[in-house]
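Q: Quick note, the sequences are listed as chains A and B, same order.
Numbering-wise (my numbering), the first sequence opens with residue 1 and increments by one.
Numbering-wise (my numbering), the second sequence opens with residue 10001 and increments by one.
Worth flagging that the hints you see were computed from the coordinates, not collected in a lab.
You may find that some hints are simply not true.
[What the hints assert, rightly or not] Pairs of lysine to aspartate or glutamate, EDC-like flavour, derived with a Cα cap of 16 Å:
1) B:K10441 <-> B:E10471
2) A:K132 <-> B:E10986
3) B:K10271 <-> B:E10261
4) B:K10787 <-> B:E10750
5) B:K10441 <-> B:D10334
6) B:K10441 <-> B:E10539
7) B:K10915 <-> A:D8
8) A:K132 <-> B:E10987
9) B:K10287 <-> B:D10334
It should be emphasised that the depicted structure is a prediction, and the values quoted were computed from it without experimental measurement.
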Amino acid sequence: MAAAGSPDVFLVAVSGEIESGQFPGFDDLYCKFCFVYGQDWVPTAGLEEGISQITSKSDENSTLVWNFPIDITFKSTNPSGWPQIVVSVYGPDFFGNDVVRGYGAVHVPIVPGRHIRTIPMFVPESTSRLQKFTSWFTGRRPEFTDPRVVAQGEGREVTRVRSQGFVTISFNVMTKDMKRLGYEVTPSDMENHSLVSVTEGIHDY
Amino acid sequence: MDRSEESRMIIMEDFLDEDPAQAERLKRTLTAHRHRRKKPLREAAGTPEPPPEDWSPATMAAAPPGAAPPASRGLPPVPSASRTGFAEFSVRERMREKLKAAKSKAESTLLQEDPSSRPRHLKSIRERKTEVRLDKECDRDEFREMQEDESHISSKVKFHDSAKIPKQKPPVQNDFPSAEEAYKFFTFDFDSEAERVKAGIRKKNELNHEEEEAEEDVETHGEGQEESETDEDVHLVKDDDLFILGQTAQDFLVMKPAEYESYSEQLQKEKEFLFIPSMQAVPASQKMPGNIQPRFLEDEGLYTGERPFVSPSNLNILENRILRQEQGKKWFGDDGKILALPNPIKQSLTRPPVFSLEEGIEPELETLYRKAIKVTAANQYLVGPGDFQGPFQLDIDISGLIFTHHPCFSREHVLAAKLAQLYDQYLARKQKNLTTLLTDKLHALRNAVQCSIDGGDTAVLKPVAQQSIPEYKIEIRQTRRLRDAEQEKDRTLLKTIIKVWKEIKSLRDFQKFTNTPMKLYLRKEEVDRRLDEKAYETEIQDEINELLEECREEYEKKMEEYKTELQEWKSWKKTQKSKKKKKKKDLRGEEESVDGCELDEEPVKPIPPKMVNSLEIEQQVREKADNFRRKPGEPVLIPELVLSGSITPSELCPRAEVLRREDVKKRSSFIKVLFNSKEVSRTVTRPISSDFRVHFGQIFNLQIFNWPESLKLQIYETVGISSTTLLAEVFIPIPETTVLTGNASIEEIEFSSSQRVMLDHEGVGSGVSFSFEADGSNRMTLMTSGKVSNSVSWAVGEKGVPLIPPVSQQNTGIASALKNIDAIASIGTSGLTDMKKLAKWAAEAKLDPNDPNNAALMQLITVATSGEARVPDFFRLEQLQQEFNFVSDEELNKSKRFRLLQLRNAEVMEFRNYKQVPLHEREISEQLFQDYEKRLRERDVIDSKHYLDAHRAIVANYLQKIRESVINRFLVAKHHFLLSDLVSEEEIPSLGILGLSIFKLAEPKRPLKPRRKERKKVTAQNLSDGDIKLLVNIIRAYDIPVRKPVSKLQQPSRHSRSFNEMFAASPSAQSPGENIDWVFNQVLVRPFVEVSFQRTVCRTTTAEGPNPNWNEELELPFRAPNGDYSTHSLQSVKDEVFINLFDEVLYDVGEDDHERGSGIHTRVERHWLGCVKVPFTTIYFQARIDGTFKVNIPPVLLGYSKEKNLGNDRGYDSVRNLSEGSYITLFITIEPQLIPGESVREKFDTQEDEKLLQAAEKYEAECTSKFPSRRCLTTVIDLSGKSVFITRYIKPLNPPQELLDAHPNSSQTAAELVARYVALIPFLPDSVSFAGICDLWSTSDQFLDLLAGDEEEHAVLLCNYFLGMGKKAWLIIGNAIPEGATAYVLTLEQNQYAIWNPSTGCFYGQFDTFCPLQNVYCLISCDNIWFNIQEYDSPVRINFDISKPKLWKSFFSRSLPYPGLCSVQPEELIYQHSDKAAVVGLQGRIEKILKEKIMEWRPRHLTRWNRYCTSTLRHFLPLLEHNQGKDVEDDHQAELQKQLGDYRVSGFPIHMPFSEVGPLVEAVHSTGVHTIDVANVEFALAVYVHAYPQNVLSVWIYVASLIRNR
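Construct the entire structure; sequences and hints are all you get.
A: Structure, rendered in structure tokens:
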């Protein structure tokens, strides 16, 4: 597109990986991811959804490492509905039933460069104590009907969630034609600075 | 106490330093006391050094040996509580040394003192004594000075002290000091003390000696005890120190024992950090600064308000806590209580108390039923009748206009106007008659004073009278002053009138003509000179007396003042002198300075006042009386202004005057009335008369709706023909609500104009200076001015009701703002009358401004009086919005991209799923909006092209609108989420389910007859194109029409066949023998099924025979509209699944016999036999459709016959015969299964009684808990979106008389006809129209008006007709195939129950196997609902006897009797006759359109129309209609055969209710008649429209293809 002067769309290429997760007390987890984006966005290449291997904790380290790659390119005409990655983590419970261990979502960083994001995860709560018990007993915990729910604000007021664990994702973001279309994502004077600060900030975490 | 002792020691020491000799002596004297001071000193030093009072020899040795000899001075212990750290180090050091020495000596001296407690109060008193002392003591010089001073100031104390010494000292002293020394020392001490506490302690000092001594003794005892205690402590400390020291000396290795803190130690430490506030009340003295007594504001009469209640213990804790803090005292108010705001909670309830009617419910929580008021929907755009009392009326009466100055005034006019004005003034004054009034008052007052004085002479002066005399006098003075002023005014007015009149006269003389008819007469009224003089004289005398008295009083007062001043001055002088003397004696600088200050203010010596001379006063009074009063004997002058004078005619006037008069004549004037700054009316233009008056006399009645904001009159003047100038604007006050037309008075409102006019004739002009004098001096400038006389009032209505808008309607900004702050309104009297008065009243009433009750009033007053009621006259909701608008609205609207985004965001149908809105404006094509805009445009335009019938078009439009509004409502509801929408959670298994699951464990793994397992349901949102498939399982069909051999032999037998009545349950009477040849000759039918859905077509293989068995699964893809797979979108899918049954006919096309051998050339033709239509929504809601359906087969199928023919199948035949027709068994489902959307979770408004609704809810809950699959219906939604109880829909209604008349003797046929009529009303499934919303039920008249509705409406209408025909009928709520949840009608006929399908008009016996009704859930009559609580719900297996409560659970029962709900149905249905001509026209148009369509569908072939056949077919159609499509087939076929012998005709009539053309075209298309592509095919098409009353149209379309047989 846009062999001529002005492009019609801008492109956002996202690569990276779902690096690790911290779920104290849980083991043998796997994660699923999917991207949620607005109506003006179209994935042009790469996988929109994925499911990772099951990973177990090593003895010393309490992190679960997936290192599950993500690689997707979007084209868009409108920054509204910027893609979000929705991660949901599953694993066996005490009885061996596969239950959800956390949902979380984060926007793909808008600034080009390498970013590391740590998403706090949460799970929906049972509506009553009895429900909680039965769901524990039957191994069918409450789940979101659609994990994409966590990427939208509508209707969340009816849910109650409990936080549970963290997932760390690294993104490498590249954009094309954003600036030419008038979308400034980096302050012009500190393009490099921001990159450093972001990564450093994450390391501190 | 200890400190003070120590401090005294130091002082002493210092003292001693200066006087060593004396000190030496003192030392000796006081040795005995040394040990007492040990502890205090240590404390005071405050240094961490080892305690100086070590008793061990080692430490003693450490003490400097060369210390001064012990100097311990025995002092009577003087307590002091001062904590000022004062000691300089050197002093302390010295002190310590001395102490040590003293201690060593002390060993030898022992005091035998009995330990005894001493009263505490003493200590506290003493503590207070010397607080600030030490500061001063630091300064030795000052100290000495003081000492000296005091020594001679308080000699009294000295005496005491001297007496005290001998008694005190002896027991403790080793050797006595000299009496003198002791005296001196103690004097000093006590002096200082006495000086400090002069105020507080004087009393104490004056007590007798014994008491004081005793106290002193006791105190010393206490001291001794304390000392011994401290000594013990000291020992312990010392030992520890030694131990540690030893350790350190021995080795450097630190060996620490385990650290342990005992519990008590811990407690001790905690005490240091923790503070536990006590719960004891804090004495007021601690809370108040200094010695201030708490003051109680409440006792002083100030408003304090009530504090919120805090429990006393908590309050004490808080106070204790606060006191611990620094500056804790500032938290306490003057009354010693914690500062707190008054309790904000009102003591009285503002809400009226609610008394509960029911027990157990809190009165606040109880809900009260308030019947909703039905609003007539028809005139919703008008103001409802309830809140609107019709137009209000304001009457404005404009009577006239008088110019007080006009440019055309001549000089004479000016003077005349002036004179008139003055005269008016005079009249007004005369009317008021203030002078006489005041004079009378004066007289009365004087009499009163005289009376009281006289009375006082005779009797004892009453205190009241005594008090009132001065008041009277003051009053008299004021009145007199007023009267004098008034008199003066009267006099001058009279003088001016006369003067002006003289001017006029002179002017008239001068100009030699008269312009004004004014004449002034002065009437003289003679008076009795003697009386007059007397009165005059007495008056003057009175006045003089009064004045004299006044002056005297004044004088006395001044004298008094003078005296006091003089006194002061004298005393001052005296003091001055004495001070001067003192000054000489006293050398103190301070005093000097103080005196110096006083000297500066030397008062002026007062001057004695003068006494006023009485003669002077008399002179004054007489002068005044001469000036302002009528002289005695002078006649009273009464001016009278008359207009009787003659005006000089124009001929006699000079030219300039003539011009002026002509100019006046040219002028005219009118007035505009402006209401709320809009012109509402104007008066007629009237000429200005020569006396400059304009008479209008017009009354304008303004009909208004709102409270007026402003009323304004504009006065216009026209000169000649052309120019109209606005002279002035006058605002008329809006009348009070009490001013009604009857009682309004005419008011004159003055106006003036700044217009500047200069005229070239006699007229003086306006705004131009002119002069009356010949020399032009004394110039004056007058402006055009005048008066409008008008009256404004509220009109009175017919019934005497004033037509005044309610005051609440005063919606002007100011009024509402005022209302907000209208405190008086809150009191009760509404409307702000006069703020100033209010403020005055408030000031006079001395309202407590702090009282919150008055807060509103006070605020109002401050606001109103300060003029700060600056309330903006508008309210801005988002005042910052402007800042955030990044483009203007117009720009936003202009931009296509923004518009697109906005529309998408608003979920407008066309754009809801628009993907990838282009980035650039130019990429968005205009086309995009065209559909949308078109839709918007056409919303109100009725397009009759598609409908061929204006009425239908209107209805369609109306339905579309309802649909839109409902969808909008739905869209809103869609965004309300429930937990189950977001979170999937397992339900808690009930015991039953648990039991079942246990039972399931024992189930065989592979049962012989497996049941269909419920598949997992999929939420529709995450689906995309191609994910959803429609599965259609075609299993088998029964009784398909078979081909008829084209043989003429057949004819006779066919004619002989008799038809039995359909309804009769008896089997066919035909004999099998007749059919023998038929059986053998029969040509097989080769049927196949073609399923088409969303233009995708799938077909089964071809089976053979009339009872084929396909058992095939067809898969059709499903595409949601716009790719939107949301529940809402799926619900509104309108597509239908067409299941068409075809016969595959093979024709051998081989021409020659020889070809047959080598190859087979056949042409495949398919002949449509019938179809089944299943709407997608039904599948979607039902999830699966499983059953045997009746195939919709046209009544006549040319070339086919449907015979109950098969001899081999007899047994079955008899059953089958019950209902005629072909049947097909199907199973339809969607893969994956979709979760049907739930109906909108919205509570609808209702008119129903709350109790009824509750009962309905309960009933429904009970029913569904027992039979969850059975639908229980109690309330339904009507077209306006309100819940209505369902029985209100059932009411006997009259069917069209026409139908009843058709078959007067057979009620059965009539019923069928009625059912047919109902069925002819087009069907419009509301699950399509109103997707996801519960059914909307329209009443029967609405239904007939709309001519569209779904099962419910049909069923209700049919049921009502049956009831109207006297049948017993009920509405069945049940489930049928294929329509799903539906409503049928049940009738009781001859002890048999018949079930009517209202949408087809068919009826079935209760035991009819092929009755489409599958389940019966409830029955509804006009007065009750019965819910089926039988085990089964299939009509065949249930008992319809509703009188059995075990089988049917009724809604209204004995416990809840039927309340007699009125019906929502109309009293009677009125039918309009259909317009026959229009129907014929419609018929022609339909035919034309269909023919065009068929030709269009055959683009590659020539379409020939067989006219002969067409006319024949057209001939048949009315017959078909007449027979309702039944029983004509064979006659008809025979006829056709006869006429078109050489054609192979295949065709059929299609019968449809008419709604619009589209479905007709679709129906014709679906038959596939046009698909024949034989070269020589001909077509025939005939349309017949039969009109029933109320424009119910039945359409017959006969299509046929003809192929000529060769």
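Q: A separate judgement is required for each hint: does it hold in the structure or not?
A: Structure-based check of each hint:
no., hint, in the structure
1, B:K10441 <-> B:E10471, "14 Å, holds"
2, A:K132 <-> B:E10986, "10 Å, holds"
3, B:K10271 <-> B:E10261, "14 Å, holds"
4, B:K10787 <-> B:E10750, "4 Å, holds"
5, B:K10441 <-> B:D10334, "53 Å, violated"
6, B:K10441 <-> B:E10539, "13 Å, holds"
7, B:K10915 <-> A:D8, "14 Å, holds"
8, A:K132 <-> B:E10987, "11 Å, holds"
9, B:K10287 <-> B:D10334, "9 Å, holds"
Of the numbered hints given earlier, the model fails hint 5 alone.
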